[in-house]
Structure formats: C-alpha cells, structure tokens
Amino acid sequence: MAKDPKAGETAKINHTPPLMEGWMDTPVDIREGIYCYGAKEKNLEAVDMPNARDWNPAEEDWQLPDDWEKVIDDGFRLRLDRFRSFKLFMDICVRCGACADKCHFFIGSGDPKNMPVLRAELIRSVYRKKYTAGGKLFGKLAGARDLTLDVLKEWWYYLYQCTECRRCSLFCPYGIDTAEVTIIGRELTNLIGLNTDWISAPVANCNRTGNHLGIQPHAYKDMMDFFVDEIEDITGIRVEPSFNRKGAEILFITPSGDVFADPGTYTCMGYLMLFHYLQSQGLDITWSTYASEGGNFGYFTSHEMAKRLNAKMYAEAKRLGVKWILGGECGHMWRVLNQYMDTFNGPADFLEEPVSPITGTKFENAKGTKMVHLVEFTADLIKHNKLKLDPSRNDHLKVTFHDSCNPSRGMGFFEEPRYVINAVCNNFYEMPPQTIREQTFCCGSGAGLNAGENMELRMRGGLPRANAVRYVKEKYGVNMLSCICAIDRAVFPTLMDFWVRDVGVTGVHEMVANALVFEGENERTTDLRGEPLAGMEDDDNV
Amino acid sequence: MSIVVSSLAVVLIVLIPWVGVGAFNLQYLFGVVVPYAALATFIIGIVVRVIDWARSPVPFRIPTTAGQQWSLPWVKYSKIDNPKGTGGVIVRMLFEILTFRSLFRNTRLEYRLKGDGAPKIDYEWEKWLWLAALLFHYSFLVIFLRHFRFFVEPIPGFVHLLESLDGFMQMGVLPLNGLGLPGVYLTDMLLMLAVTYLFVRRIYVHQTRYISLPADYFPLFLILALGTTGILMRYFIRVDITAVKELAVGLFKFHPTIPGDIGVIFYIHLFVISVLIAYFPFSKLMHMAGIFLSPTRNLSNNSRMKRHINPWNYPVHYHTYQAYEDEFREAMVEAGLPVEKEPE
Numbered sequence: 001m002a003k004d005p006k007a008g009e010t011a012k013i014n015h016t017p018p019l020m021e022g023w024m025d026t027p028v029d030i031r032e033g034i035y036c037y038g039a040k041e042k043n044l045e046a047v048d049m050p051n052a053r054d055w056n057p058a059e060e061d062w063q064l065p066d067d068w069e070k071v072i073d074d075g076f077r078l079r080l081d082r083f084r085s086f087k088l089f090m091d092i093c094v095r096c097g098a099c100a101d102k103c104h105f106f107i108g109s110g111d112p113k114n115m116p117v118l119r120a121e122l123i124r125s126v127y128r129k130k131y132t133a134g135g136k137l138f139g140k141l142a143g144a145r146d147l148t149l150d151v152l153k154e155w156w157y158y159l160y161q162c163t164e165c166r167r168c169s170l171f172c173p174y175g176i177d178t179a180e181v182t183i184i185g186r187e188l189t190n191l192i193g194l195n196t197d198w199i200s201a202p203v204a205n206c207n208r209t210g211n212h213l214g215i216q217p218h219a220y221k222d223m224m225d226f227f228v229d230e231i232e233d234i235t236g237i238r239v240e241p242s243f244n245r246k247g248a249e250i251l252f253i254t255p256s257g258d259v260f261a262d263p264g265t266y267t268c269m270g271y272l273m274l275f276h277y278l279q280s281q282g283l284d285i286t287w288s289t290y291a292s293e294g295g296n297f298g299y300f301t302s303h304e305m306a307k308r309l310n311a312k313m314y315a316e317a318k319r320l321g322v323k324w325i326l327g328g329e330c331g332h333m334w335r336v337l338n339q340y341m342d343t344f345n346g347p348a349d350f351l352e353e354p355v356s357p358i359t360g361t362k363f364e365n366a367k368g369t370k371m372v373h374l375v376e377f378t379a380d381l382i383k384h385n386k387l388k389l390d391p392s393r394n395d396h397l398k399v400t401f402h403d404s405c406n407p408s409r410g411m412g413f414f415e416e417p418r419y420v421i422n423a424v425c426n427n428f429y430e431m432p433p434q435t436i437r438e439q440t441f442c443c444g445s446g447a448g449l450n451a452g453e454n455m456e457l458r459m460r461g462g463l464p465r466a467n468a469v470r471y472v473k474e475k476y477g478v479n480m481l482s483c484i485c486a487i488d489r490a491v492f493p494t495l496m497d498f499w500v501r502d503v504g505v506t507g508v509h510e511m512v513a514n515a516l517v518f519e520g521e522n523e524r525t526t527d528l529r530g531e532p533l534a535g536m537e538d539d540d541n542v
Numbered sequence: 543m544s545i546v547v548s549s550l551a552v553v554l555i556v557l558i559p560w561v562g563v564g565a566f567n568l569q570y571l572f573g574v575v576v577p578y579a580a581l582a583t584f585i586i587g588i589v590v591r592v593i594d595w596a597r598s599p600v601p602f603r604i605p606t607t608a609g610q611q612w613s614l615p616w617v618k619y620s621k622i623d624n625p626k627g628t629g630g631v632i633v634r635m636l637f638e639i640l641t642f643r644s645l646f647r648n649t650r651l652e653y654r655l656k657g658d659g660a661p662k663i664d665y666e667w668e669k670w671l672w673l674a675a676l677l678f679h680y681s682f683l684v685i686f687l688r689h690f691r692f693f694v695e696p697i698p699g700f701v702h703l704l705e706s707l708d709g710f711m712q713m714g715v716l717p718l719n720g721l722g723l724p725g726v727y728l729t730d731m732l733l734m735l736a737v738t739y740l741f742v743r744r745i746y747v748h749q750t751r752y753i754s755l756p757a758d759y760f761p762l763f764l765i766l767a768l769g770t771t772g773i774l775m776r777y778f779i780r781v782d783i784t785a786v787k788e789l790a791v792g793l794f795k796f797h798p799t800i801p802g803d804i805g806v807i808f809y810i811h812l813f814v815i816s817v818l819i820a821y822f823p824f825s826k827l828m829h830m831a832g833i834f835l836s837p838t839r840n841l842s843n844n845s846r847m848k849r850h851i852n853p854w855n856y857p858v859h860y861h862t863y864q865a866y867e868d869e870f871r872e873a874m875v876e877a878g879l880p881v882e883k884e885p886e
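Quick mapping for you: the protein sequence lines, in order, are chains A and B.
Per our numbering, the very first residue in the first sequence carries number 1; after that it's consecutive.
Per our numbering, the very first residue in the second sequence carries number 543; after that it's consecutive.
The shape of chain B in the complex, shown without the other chains (with noise of 0.2 Å):
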C-alpha cells in the first residue's frame, strides 16, 4: 500500500512537467519559477527547522557512552567514543557524519532452535546497510558536485578532478563506450545500485517492510526517479548541454532566461529535484541537518566532572531529614541510630 501510494506519486511528479512542458509549453514555469520556489522552501524550511530544533534546550548530558568513561589515570579511556572534551566530540561527530560510525557496528540476529528446544542466539556480520548508506550518500556529494559545472562559470578545478576521477572507468565499460556516448560516471552506476539496494532491503527484510511508511518509499523513488532521467539525459535522450548550461546560469545568476528548446526530459529532472528539496525541510531526509544536534552523540561525558545548567530547572520538594527524623525519631532511639532532636 505505502509502496503504491509513493509510486503513483512519483508518477505524477513525473508527468507534469512532461505534461507542462510537452503539451503546454510552460517552460518558464517548470525552467525558473518552480525551482526559486524550490529552493526558498528548501533553504526557509532548513533553517527554520534547525532553528526550531535549538529553540529547545539540552537539559541534561545524555551521550550514549560507547567505550571506556575518563576515570583513573592508569585506565586506558576512550577519547573517542566516550569524549570528555570538545575535542573528542569533534572527532566523534567526523566519525559519525563521514563514515557513519555507529550503523557500522550493526549486527544481524539469528535466531534458530536447537533440537532441544534451547535457543541459539547469534549476532552475524552485517555491514551491507552501512556500505549501501555509505555508497549512496558519497555518490550523491560526488554528483551533486559535479553538477557545479552547470551553476558556474568557470567551472571550479576541483569539478574538474571529481570528473576525472569519477569517470575513470570509462575505458572499459562496454557496450557503452563506442557508441558515440560519453564516458559512464561511476557515482551514477553506484548511486543507483545504492537505492535499488536500499528499496529492495526495505521490501525484503520483513522487519523494515513492516515499519516503512510511504514517507519512506517516496524520497527512494523519487531518488530513482531523479537518477533515471540525469541517465537518460547523458546518455541516451541527449539534451542541449549548453541550453541547459545557460538556464542555469542564468537562474543562480538570478538572471533567469529560458533558452531554445532543451527538451522535456531536462524538465522533468527538474522537476523531480525541485520536488525532493521542497520536499526535504518536511521529512525524514532532516537527519542531514539533525544528526548536528543530536544530544547522544554530540556532548561529551563530563558531566561528573563539570555542571551544566538546565535552563528550566525549578525546585521540588523533597521529603526531608526533618520529616524524615519527625517521623521514627523513637523507633530511631531505640535502634541507637543518632537524632537531632531528643523525643520528649
């Protein structure tokens, strides 16, 4: 059901444009206006998100501690996983954001009887979400930034060098090469493998499947989506790379003009990204910006050592020695346990 709700949706995402553009010639809808709106929904949304997010306070330390605390000087600590200082928690967070440090711990449960009936527990190798994750996240960086080719003129050297490194196969991938297409990017291979891979895993593992929402489906199809047509554009639906290269210049130079015709396929693609990140500030996909805060990984474990302030804190009444005293001060005496006040 989620799965056929997300799906039809990116369908519809997808005709639009196809429509919009193929049928009504609304170009500068979905070639300038669409995007600007995109883009302030995107960049508004995100800030006031985050915003809204630090607006409440981190009352207590609650690192989740995973290694060694700071203790004795003879006890080897983990500076790491258990900071007790910013630097550590720099170092933590690196960990965290570039290598996605705690999905690789992952484990798998095995679970089988024994002929006895006893159980037998085990906890398996399990590292394909953390290279899926890891693949998909880097080959998006990797396109996202050799997009820059379009935004820029000049265009940036290092743009130049993540093209070369990425399309370092292209001698010898076949039948593609040859046929008067351009060399295959391997982010763009990867990238796909990568969602497939991560749709797939959240059909097939039952657990998954069971807690996935069509809020889980939708940015993975639209991601494919968004793949399919950057694929088809460069390789076999060619477009006007310099028409292209102009609206979007044209559009960060906030000088936007609609060039000779590009072709509905550029549109659609976007479309589809202009979708995905209006779309971001209201899902899931915030766990870009809020891994940043998250208070189990961010703080470090010095709360034995150090104060921190609850900004609203406010007293409580306890129960006191005085009530406690005024209550078994005789079964006190008679225990010869110490009292302030003698019972009269």
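With the rest of the complex left out, here is chain A (with noise of 0.2 Å):
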C-alpha cells in the first residue's frame, strides 16, 4: 500500500495550472497513491476478459498484444456507430471551461487532466487524429494527436480517476457527459486487457458467487444469521428472513456491500427488521443468494459485462417466480436499474407491476422495470401510517444526508430518501446547496476506485464532500452522515477521520430501525451499533 496522505499536506492544492506548458506535452506521470493495481489474469480470465495476465502499472511493460493499436481503432470506430452520446461528445465540447472546477477530483488535487473537458480531451485529441480531416491535416494545431503508447497511458490512469458521477455533465450547456465519454474509454481499455483488480475482481466474484468478495452462499447466510442474532439481542425480537425461497411475492437485492462492511451492515439489519415489521401486514420477501449483489461492477468495465451481471435479477425472479423485485439502498446500482436494465435484460413481462401489499400504492413510475427502491416503499409506508415510529430514538444523532451521485444525476431521487430522514429522526441538517442534490458532491471513491492503494486520490476526490459535511458540523454539531449507497457507506467513515473527525456514516435504513416500535419488544437502550439512545448514557447497560 502507497503511503498514506497526511490531510494537512494534502490540503495544500494548487489549481493554477502552468503557464506555458501545453497539456499534450505534457507526459502521464503514473503517482503511487492514485492509481489502482492492475487487474489479475485470474479475475479477467474469470470472465473471458481479453488479454488476461498480471501486470503492473508502475511498470515500463504493460504486456499488452501486439495489435493494441488495430484493436484500439477497431473498437473506437464500434462505438462512434453505436453510440450517439459518444460521437457527438466529441463533437461539439467548445471548451468554455464550465465544467472545469466541478469535478471533485479537480477540486481536490488540482490536476489539470481532472478537469472533466480535459479528461475527455485525452480522448477527443485521439479521435481527432484518426476520424476527422482536420485532425488528419492540421495535426497538433487542430488539437490531435496520435494514440502512443504513452497517450494509451493517460487514458489508463485518468479514465480510473473518473468516478462518472456526471457532475460536469449537469453544468455542460451542451449536456456533454465526461462518465459517458470515461464508461466508454474504459471500454476501449478493457478491449486490450486494461482494467484495475479492483474492479475486475468484484467482476468476476459477482458473476460467480453473486457478491463482490467471492463469499460462498454458506457463508452469506451465516452472515445473515449473525444479524439476526444481533437483532434479537437489541430489541428481543427473532427476524426470520428467508432465502431462494420459490413462490414469494417480492425478492429483494442489495448491495453486497451491505451484508459485508461495516456500517453498511447495520443497514443491513434494518432491511431485516422492516421487512419483519411488516410480515404481519402481509409482506412476503424473499432474499436471494445468487442474484445477491445489486452493485453492478460490470458497468465499469463495459455495458457487456454491465448487462451480464444484471441478467441475473431478472433471471432468479424469474426462477423464484416473483411478482416484483425490490431493490436496497445503493448507488451506481440504481442508476443500471433505472437507465439500463430494461433495455438491457427486459422485457419484464413475466413480473407484474409492482403494488405494494402494505398500502396498495402502485408503483407506475416502476411498471417497465417491475423494480422499486426501497426507500420508495418505505417512504409510502409512512405515508400511509404504516409504521409505528419513534424518532426520538435517534435523538442521539445529529444528521446530514448525502446524495448519492447516481441517484441523483441518474434518475431524480431526492424527496422520498428526505422524507423518510424526517420522519425517522427529529435532527436533520442539510449540507450547503451546492453541494446537495443535483449538485451533490461524489464520495470520491466511485466507480470501482474504493481500493486501498489509491488512498491518496481517494481522500482528495472527498474533499468536497468532506468540507460541506464539516461545514455542518461546525455549524449545527452533526455527527451522523446518512447515505443510500453501499459504496459511500464503505468509503466515508475513512474519508471522514481523514478530512473531519467524529462523523458517523448510517444507511437510511439503519435509522428507520431504530425507530421502528415493534409490538413485544425490549425496552431499547442501544440503537443497532449498541450505542446508548439518548437519555439511556447513564443507564447500566454495559
């Protein structure tokens, strides 16, 4: 592992750029500290990924076949064909600089290549060269360049420091979309055997074992066994989840990430614990471990593996045969469900449109995809007065909430995950409004880029978001980072010790738990961490 950045020294950020050097002549310099290994031969040849073997980016050597370059071009020419977005993104960018300061990897490392227009500039000057005239005629002057093994370098190391959080494209007068441009450049990369191990090792465990760390379905469901227990230590009440069971009305997928990391696990619990509530109520929810990851780490490798990986929701709700699927609280996930999996792996025609049996909501805006978000159902729960609340279980916290990027910019999720906050707790603080909602800052760590060997790249990409949760906690006190998203609940708590200190991170659902009032239940002195509610501090309950 590189080592790792001290806050006060990282902080130090010039955002000039210099003078008179061009860009282009400026060569890659591959830092330790912000780039990810490379992907392992094992894991690319899992999925019959090409050029499969273990190399190292740092190295001069990156063992790549001797016809990258035809394959490169080959693939490039594909996706002009197929893909709009991409043509006219490198088309039509006028370079006016509107995106320049809104990525939070500029903002945090003030590396010019992570300005979003320049990031896709490593690209456009490429395509310049080989597709258009002017490019093929006036060469530098027209802003192309040849693909070298060093450009091919560039592109590597910027496209896996881009978390496509499509921030920039919300600023873009013309939409252009630097993800969409990064999705397909890591595309190309992966055409020659260019990936990161941290992606492509999720990859290849979710196509085999359903969840990003390879473990086994025993063991999945040891893990769920814990938390039951778990539960049943805080609140006296046994849950009984059921798995892979056929004939269920609703399967429900989450993020791996919840069932495995800290805090996301208390999240975790409190899928369990609703879903147990509303049994009586006439909840019938199978989990699954075969379709048991809702990240979709194939989207970062290409919309082939993003769509292999997805295949498997509809194809085990299609097994189970349920009526629809309910998916947990996750980030890049929901944008492959909103954006993609319909066209990807539909159509859903052997599911029915989602009606919740608790309130008999229809869920129209989820009648293609057969799909809702939970935090959609639950918020139409408590709605309709469906659950028995106590917010004052949370009074112990002090909570902001951080919009999830790909919720966000990728399908206009903002209201149902507040209401639900607002309902579930009685101190909630918004961030400052640049820095929420549409215009939400990423975690820094998206996209495939959590590892740790990149920490360094990782706590800048966080700056911004760490500086608007510390701008609310010096102003209101909040020690409590609410998120929907796995990713961000895995990444935060070390981004928070790094920038701010003292801030917890809680899925929504976490704290819709500690709300809930069961009948039969313990008096509750803890919440899921075992932390003291408010008023109980002094109450012997070590």
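Hints may contain errors.
[Said to hold, decoys possible] Derived DEER-like restraints, expressed as beta-carbon distance ranges: (1) A:Asp54 <-> B:Ala873: 23 to 33 Å; (2) A:Arg529 <-> B:Pro615: 47 to 57 Å; (3) B:His859 <-> A:Asp54: 22 to 32 Å; (4) B:Gly802 <-> A:Asp74: 21 to 31 Å; (5) A:Thr359 <-> B:Ala873: 48 to 58 Å; (6) A:Asp502 <-> B:Val875: 44 to 54 Å; (7) B:Leu703 <-> A:Thr26: 33 to 43 Å; (8) B:Ala596 <-> A:Ser392: 54 to 64 Å; (9) A:Glu32 <-> B:Tyr856: 47 to 57 Å; (10) B:His679 <-> A:Asn426: 43 to 53 Å; (11) B:Ile632 <-> A:Gly8: 50 to 60 Å.
[Said to hold, decoys possible] To spell it out: a stretch of chain B is covered by chain A in this simulated footprint if at least three of its residues, at any positions, have a beta carbon under 8 Å from a beta carbon of chain A; those stretches are: (12) 664-677; (13) 684-690; (14) 732-739; (15) 756-764; (16) 773-779; (17) 807-813; (18) 866-879.
[Unchecked claim] As a list, the in silico SDA-like pairs of lysine to any residue whose alpha-carbon atoms are at most 25 Å apart: (19) B:Lys826 <-> B:Ile779; (20) A:Lys12 <-> B:Val590; (21) A:Lys362 <-> B:Arg849; (22) B:Lys621 <-> B:Met635; (23) A:Lys136 <-> B:Tyr821; (24) A:Lys246 <-> B:Val881; (25) B:Lys848 <-> A:Glu415; (26) A:Lys129 <-> B:Ala820; (27) B:Lys787 <-> B:Leu568; (28) B:Lys826 <-> A:Asp146; (29) B:Lys656 <-> A:Thr10; (30) A:Lys12 <-> B:Arg654; (31) A:Lys140 <-> A:Glu69.
Since the hints were derived computationally from the structure, they do not count as laboratory data.
The beta carbon of each residue, even a glycine, is placed where N, CA and C say it ideally should be.
Hints given; two lone chains; assemble the complex.
Structural data, given as structure tokens:
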C-alpha cells in the first residue's frame, strides 16, 4: 500500500495549471497513491476478458497484445457507430470551461487533466487525429495527436480517476457527460486487458458467487444469521428472513456491501427488521444468494459486462416466480436499474406491475422494470401511517444526508430519502445547496476506486464532500452522515476520519430500524450499533 | 502559441480579399464564387454531420436528471429538469437553447487554506460566462436578422422592427451622432463586447487558457474581424449600400451580378463570413446543431416506466443459477438453503 497522505499536506492544492506548458506536452506521471493495481489474470480469465495476465501499471511494460493499436481503433469505430452520445460528445465541446472546477478530483488534486473537459480531450485528441479531416490535416494545431503508448497510459490513468458521477454534465451547456466518455473509454481499455483489480476482482466474484467479495452461499447465510442474533439481542425480536424461496411475492436485492462491511451491516439489519415488521401486514419477501449483488461492477468495465451481471436479477426473479423486485440502498446499482436494466434484459413481462402489499400503492414509475427502490417503498409506508415510529430514538444523532451521485443525476431521487429521514429522526440538517441534490459531490471512491492502494486519490476526491460535512458539523454539530449507497457507507468512514473526524456514517434504513416500534419488543436502550440512545447514557447497560 | 497561430490565420484571411479585390480585381471570385462555395459547404456540411450523428443510435436512456423524478403522487416532481414525457423534454430543450439553463447554474470554485491548514472551499456566484454567452448569441442572431434588409426585397416588417428596437439608443450615443453617421446599433456593440469578454476570459482564467486550442481562438478572432469590418463599413469607411444590396439580392436570386465599385472593405467582410460559415461544419461551432441531439438533455427520464430498445442489443452469456447451484450445492444444503436438485 502507498504511503497514506496527511490531511494538512493533502489540502495544499494549486488549481492553477502551468502557464507555458501545453497539456499535450506534459507526459503522464503514474503516481503511487493515485492509481489502482492492474487487473489480475485469474479475474479477467474468469469472465473471458481479453489479454488476461498479471501486470503492474508502475512497470514500463504493460504486456499489451501486439495488435493493441488496431484493437483500439476497431473498438473506437464500433462505439462511434453505436453511441450517438460518444460521437456527439467528441465533436461539440467548445471548451468553455464551465465543467473545469466542478469535478471533485480537480478540486481535490488540482491536476489539470482531472478537469472533465481535459479528461475527455485526452480521448478527443486521438479521435480528431484518427477520424476527422481537420485532425489528419493539421495535427496538433487542430488539437489532434497520435495514440502512442504514453497516450494510452495517460488514458488508463485518468479514465480510472473518474468516478463517473456526472456532476460535470449538469453544468455543461450541451449536456456533455464526461462519465459517458469515461465509460466508453474504459470499454476500450478493457479490449486490451487494461482494468484495475479492484474492478476485475469484484466482477469475477459477482459473476460467480453473486457478491463482490466472493463469499459462498453458506457464508452469506452465516452473516445473515449473525445479524438475526444481533437484532434479537438489541430488541428481543427474532426476525426470520428467507432465502431463495420460490413463490415469494417480492425478491429483495441489495448491494452485498451491506452484508459484509460495517457500517452497511447495520443498514442490512435495518432491512431485516423492516421486513419482519411488515410480515404480519402481508409482506412476503425473499432474499437471494444467487442474485445477491445489487452493485453492478460490470458497469465499470463495459456495457456488456454490466448486462451480464444485471441479467441475474431478472433470471432469479423468473426462477423464483416472484411478482416484482425490491432494491436496497445502493448508488450505481440504481443508475443501472433506472437507465439500463429494462433495455439490457427486459421485457420483464413475467413480472407484475409493483403494488405495495401493505398500502396498495401502485408504483407506476416502475411499471416497466418492475423494480422499486426500498426508500420509495418505505416513504409510501410512512405516508400511509403503516409504521409506528419513535424518532426520538435517533435523538443521539444529528444527521445530514449525502445524495449519492447515481440516484441523483441518473435518476432524480431526492425527496423520498429526505421524507423518510425526517420521519425517523428529529435532527436533520442539510449541507450547503451547491453540494447536495443534483449538485451533490461524489464520495471520491465510486466507479470501482475504493481500493486501498489509491488512498491519496480517494481522500483528494472526497475533499469537497467532506468539506461540506465539516461545514454542517461546525454549524449544527452534525455527527452522522446518512446516505443511500453501499459504496458511500464503505468509504465515508475513512474519508470522515481524514478530513472531518467524529462523524459517523449510516444508511437510511438503519435509522428507520432504530425508530421502528415493534409490538412486544424489549425496551431499547441502544441503537443497532450498541450505542446508548439519548437519555440512556447513564443506564447500566454495559 | 494557439493565439498566435489563430490570429495569423485570421490576418491572412483578411489579407486575401484585400489583395484579391484591391490589387487583382477579383470581384467575381470574392463576391460570387466564394460566397456560393461557402454557403454550399455550410449547408451540405451541416446536413452531413447531423445525419452522421443521427445514424448512431441512442441505445440507452441517459438523461442527466437535474430534479426530482416522477414517482409517488404526493412527491412534487421536477417537470422540466427531470421530465417524464415529451412535453417536459420540449420545455427543457427550449430552456436549454433559448436561455442556456445549464450554463446558468455555473459556479466558481474558491479555494483557500485557513490558518490551521484546513481548506475552505466555496462555490461562488458566477454568471458572467452565461451572460456573455447569451449576449453574444442573441446579438449575433439580431445582427443576422437585420441583414435581411440586404438580401430580400421588399424588406420584411420584422426587420424594420428589429432595427428600430436595436437602434433605440441612437439619440444618446455621443460622439458618434451628429457626425453624419447612422444610428448606433446596440447589438453591434454588445457582440463586440461579448466576443472580447469571451476572448479575455479564455486567456485570463488559467483553466480555460490551459485547455484552449487554436480551434477555440480562431472562431473568436474571425467573429471579431467580422464585427470590426462590419462596424468600419457602417460607421467609418462607408460603402455603397445600394450596390451591396444589388449584389446580395442577385446572389439570393441566383442571378449574381457584380455592381460597380463597392469598396474592398465589403469584400473583406464577405470573405470573413464566407470562411466562418465554411469552417462551421468542421468545427466546434457545430454545437449549434449538436445541442438538439444531446442525449443527456433531450431524453425523458421514464426508463423504469417504459421499455426502450437498444437496436444493436445482443444476447450475452451470464452465469446461470444452474451453474451456481452446481458449484455450491453441498454448501447450500448444509446451510439450509433450498436447492433445485438434491445432491447425490
């Protein structure tokens, strides 16, 4: 692992690019702490990806196939023909610079090639040289350059420094989405075996076992049993989840991060408790160990791999004969579900239009995919007074909410989580308006960047988000950052420790479960984490 | 470097007709052949480019959702920024094209280090780029429309209206008035001001200077040259307007004639605009057509409601449940998970 940075040093950022040097003449410097390790042979092989071999980005020789230039060229042409977005975004940028200071990686690093416009120009310059008359004729004058090995390395380095959060696209006067360029650029690098292992390993694992850590079904079940015991210890209620159960009405799919990593595990306990609570009201739900990953790491590889991993959800829904699917709190899972799933693997005509069995609400917005967001589902329950909630049980928390990039700018999911949070806790404070909702800042570790070896990059990328949290912490005493994304839950604790300190991280359904009043439960003295509730601090409950 | 190359190119473009008409009397070449060629390049070029873009499909719905989605009936949704149907998309596009709505959101990063080494990051009000862009485009549009008085006979009513609106300042602008000069058009000044601002901003803001290519300066300089020659012609080096109109109307009726002496400055003006429109389809100026096709803006966010087809969709091999159970069957049975096939 790279030397971990220190906050004071990391904060010294110069946002002024050099005066005289042009970016085309600045060769790539592949710096430790910024890049992730190269994709491993076994992980690429597991999903039949090309040029599988162990390689190290820090070494000179990347062991590329001999015909890599042709492979990229063919792949580039194919994608220009397949994606209007790509072709258009190659042509119409006027380099007005409106996106330049919108990227969290530029704000946190000052590296000019992290300006979205320049990240895309890295690809555009090659596009001009290969496919435009002006570029062929005038070369560098027209902003065109050859795809040399150095340029390829630069592509790789910066394509895997973009979390595809789309903040730049919001501000672009033409809607140019650098994430779209990154996604297709990553597809190109995958054609010659250039990915990072923090993406290729989860892809291989999700494909085989259903979760990104490669945990086998019995271990998955063990984890759940552990949560069941924990819940019983805290509440006296024994929840009884079912797995791979045929004939259930609803299939529940959540990112496996919720099952395996704190503090997502508490959110997972929240799901279990909510489902148990609703059982008596008619909720008939099952989990799946096969389709047990909502997070689609294939999306960080290629559209094809995203489709392959996504296909398991419908396949499992069909096998189990459920009526519709409920999806947990996840970021890019929801972008894939919202924007791609029905196109990838639909029509889901073996499913029925989702109807809440508790409230009778028809989820018309999901009548195509037949897939409902859990927070939507819960908001509807609360609106219909179906949950007995005691928000004072979250009084020890002063909560702010992080809009995850993907549900925000790829879905428009803003009000539902806020509605739920306001119903389950009494102290909710928004971060400044330029940092939330559609203008939200990325956690800095999305799109497969949450490895350990690129810690400096992650802390830099997360700076704008952390800075906004610090603001509400200083102003209102916020001590809990809530979110609806498993990657957020996985990476925010480190980010908070680095920049803010003493701010916890929680999923929304952890707070729902804290507030949820069960019939016949023990008097609660702690929350799901075993932290004493407000007013219970002095109780002898150790 | 980029600036030097682009400005030299524009100087050359100004010199060509100067020499061509002034020294070699090539009025027909610069008054007829070049404008026709340029216009043809412009029209064919744009059509080809747009068809080329349109030939590539939009396989997935990827709108940037800049507001609340349409979901539960009691949740107020953002009809324009996150439209669910065509109506909303049309309004969104109108706002985008007529008011540059996305650019209006622009903010500016303020990054400072506090005494204790902690950063203080602010996102400041920044509307100048939006304002300059808006002024630039609308002034250009008005000037373009005003030019109809040269091309068509009789002059359409809206052109007169525009002229009087545009020239309403003519009473007040000194010292130009009273020197026997025509009234000053507001848009002439605004266009020059806006283009100058955009140019200065490009150099002055470190980040835009760093990303700027000759292709960014070149059109700015061309437009500056265009505006300068136009203004010179109107206010200072007067040309024979009747003759200009005779040429323009002739061009538009496809009966081009070269009237008497118009003045070299006119040919320079005409050549600069010819270069600009001929250059148009090959440059970033195509954003004018491209914005209509931008999938992040012109699609509705209804892909969970309605299925959209990817025309090049192909089946993929995914890891099936059967393969999964085959691998983990014993472990699953041991954990009490149901299986399709009991182990042997």
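Status of each hint after checking the structure:
1. A:Asp54 <-> B:Ala873: 23 to 33 Å: The hint (23 to 33 Å, Cβ to Cβ) holds, given that aspartate 54 of chain A and alanine 873 of chain B are roughly 29 Å apart.
2. A:Arg529 <-> B:Pro615: 47 to 57 Å: At 36 Å between Cβs, range violated.
3. B:His859 <-> A:Asp54: 22 to 32 Å: For aspartate 54 of chain A against histidine 859 of chain B, whose Cβ atoms are near 25 Å apart, the range 22 to 32 Å holds.
4. B:Gly802 <-> A:Asp74: 21 to 31 Å: Hint violated: Cβ distance 59 Å, outside 21 to 31 Å.
5. A:Thr359 <-> B:Ala873: 48 to 58 Å: violated (38 Å)
6. A:Asp502 <-> B:Val875: 44 to 54 Å: Cβ of aspartate 502 of chain A to Cβ of valine 875 of chain B: about 46 Å, so the range 44 to 54 Å holds.
7. B:Leu703 <-> A:Thr26: 33 to 43 Å: violated (53 Å)
8. B:Ala596 <-> A:Ser392: 54 to 64 Å: With Cβ atoms ~58 Å apart, the hint holds.
9. A:Glu32 <-> B:Tyr856: 47 to 57 Å: 40 Å Cβ-Cβ, so the 47 to 57 Å window is violated.
10. B:His679 <-> A:Asn426: 43 to 53 Å: Since the Cβ atoms of histidine 679 of chain B and asparagine 426 of chain A sit about 50 Å apart, the hinted range of 43 to 53 Å holds.
11. B:Ile632 <-> A:Gly8: 50 to 60 Å: holds (51 Å)
12. 664-677: holds (count 3)
13. 684-690: It is violated: at least three residues are needed, and the stretch 684-690 of chain B offers just 0 whose Cβ sits closer than 8 Å to chain A.
14. 732-739: Violated: only 0 residues of the stretch 732-739 of chain B have a Cβ under 8 Å from chain A.
15. 756-764: holds (count 3)
16. 773-779: violated (count 0)
17. 807-813: violated (count 0)
18. 866-879: holds (count 10)
19. B:Lys826 <-> B:Ile779: violated (33 Å)
20. A:Lys12 <-> B:Val590: violated (49 Å)
21. A:Lys362 <-> B:Arg849: holds (18 Å)
22. B:Lys621 <-> B:Met635: Distance ~12 Å between lysine 621 of chain B and methionine 635 of chain B Cα, so the pair holds.
23. A:Lys136 <-> B:Tyr821: Status holds; Cα separation ~16 Å.
24. A:Lys246 <-> B:Val881: holds (10 Å)
25. B:Lys848 <-> A:Glu415: Given that 25 Å is the threshold and the Cα spacing comes to 22 Å, the pair holds.
26. A:Lys129 <-> B:Ala820: With Cα atoms ~21 Å apart, lysine 129 of chain A and alanine 820 of chain B stay inside 25 Å; holds.
27. B:Lys787 <-> B:Leu568: This hinted pair holds, its Cα atoms lying about 19 Å apart.
28. B:Lys826 <-> A:Asp146: holds (20 Å)
29. B:Lys656 <-> A:Thr10: The hint holds at about 14 Å.
30. A:Lys12 <-> B:Arg654: holds (9 Å)
31. A:Lys140 <-> A:Glu69: holds (20 Å)
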